[in-house]
Amino acid sequence: GDSVTQMEGPVTLSEEACLTINCTYTATGYPSLFWYVQYPGEGLQLLLKATKADDKGSNKGFEATYRKETTSFHLEKGSVQVSDSAVYFCALNSGNQFYFGTGTSLTVIP
Amino acid sequence: GAVVSQHPSRVICKSGTSVKIECRSLDFQATTMFWYRQFPKKSLMLMATSNEGSKATYEQGVEKDKFLINHASLTLSTLTVTSAHPEDSSFYICSAAGTGGHSYEQYFGPGTRLTVT
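First to last, the protein sequences are chains A and B. 25 is the number that our numbering gives to position 25 of the first sequence; each next residue is one higher, with no gaps. 26 is the number that our numbering gives to position 26 of the second sequence; each next residue is one higher, with no gaps.
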């Protein structure tokens, strides 16, 4: 069945470091791909999305490119800030059903 | 953007009592709403999918008699945890999908922290 596998954390980075969180997926058909962010004690917020192959989603300095050939949707940011500390979830939507990865906790230290 | 609210944000109840959690889409009509449960440091587990005016579809392993879902209108779905026990303590999150356009997107509520003592 459809599924998402993302890099396990936790990840700890210094401020201004580069971030990559890996995400790969398995799906039949042509899913839409998403990254959600969850700040402590809060619900999920959509960070970015891509609906077809080669699309690049971007928001708040984060980027992810929908790679069909490698079935990947890795999240990247060139320079992280303390305020980026959160849990990041990769997800795919297939047939109106969402599948989430296990989440990657990111802590950015000053 | 689309806003989904949940009420209450936190609730503490005694074992054996029932708790109702509301999920509302504030500025759009949601034909489909989803209920998730999130365990500490874990991903979201889909509990059930509810469509307005029809019975909810529960995922395997989720007791429908324990987790009652009602989706009476296009803007409101409720989850009632009946005869709650400490193992039901968790973070419950709802999401709503729109009626058209970006129906593939889900908009998430802020979550409800349930603690059963």
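For the record, the hints were derived by calculation from the structure and aren't laboratory data. Be a bit skeptical, because a hint or two may be false.
Quick partial rundown of chain B residues pointing at chain A, CB under 8 Å, derived from the structure [as the list claims (entries may be wrong)]:
no., residue
1, ILE12
2, LYS14
3, SER43
4, GLY109
5, GLY111
With a straight-line cut-off of 35 Å between C-alpha atoms, the simulated DSBU-like cross-links for lysine-lysine are [said to hold, decoys possible]:
no., chain 1, residue 1, chain 2, residue 2
6, B, LYS42, A, LYS56
7, B, LYS64, B, LYS14
8, B, LYS14, A, LYS60
9, A, LYS77, B, LYS42
10, A, LYS52, B, LYS55
11, B, LYS14, A, LYS52
12, B, LYS55, B, LYS20
13, B, LYS42, A, LYS68
Backbone N, C-alpha and C fix where the C-beta goes; we use that ideal spot for every residue, glycine too.
Which hint numbers doesn't this structure obey?
1, 2, 8 and 11
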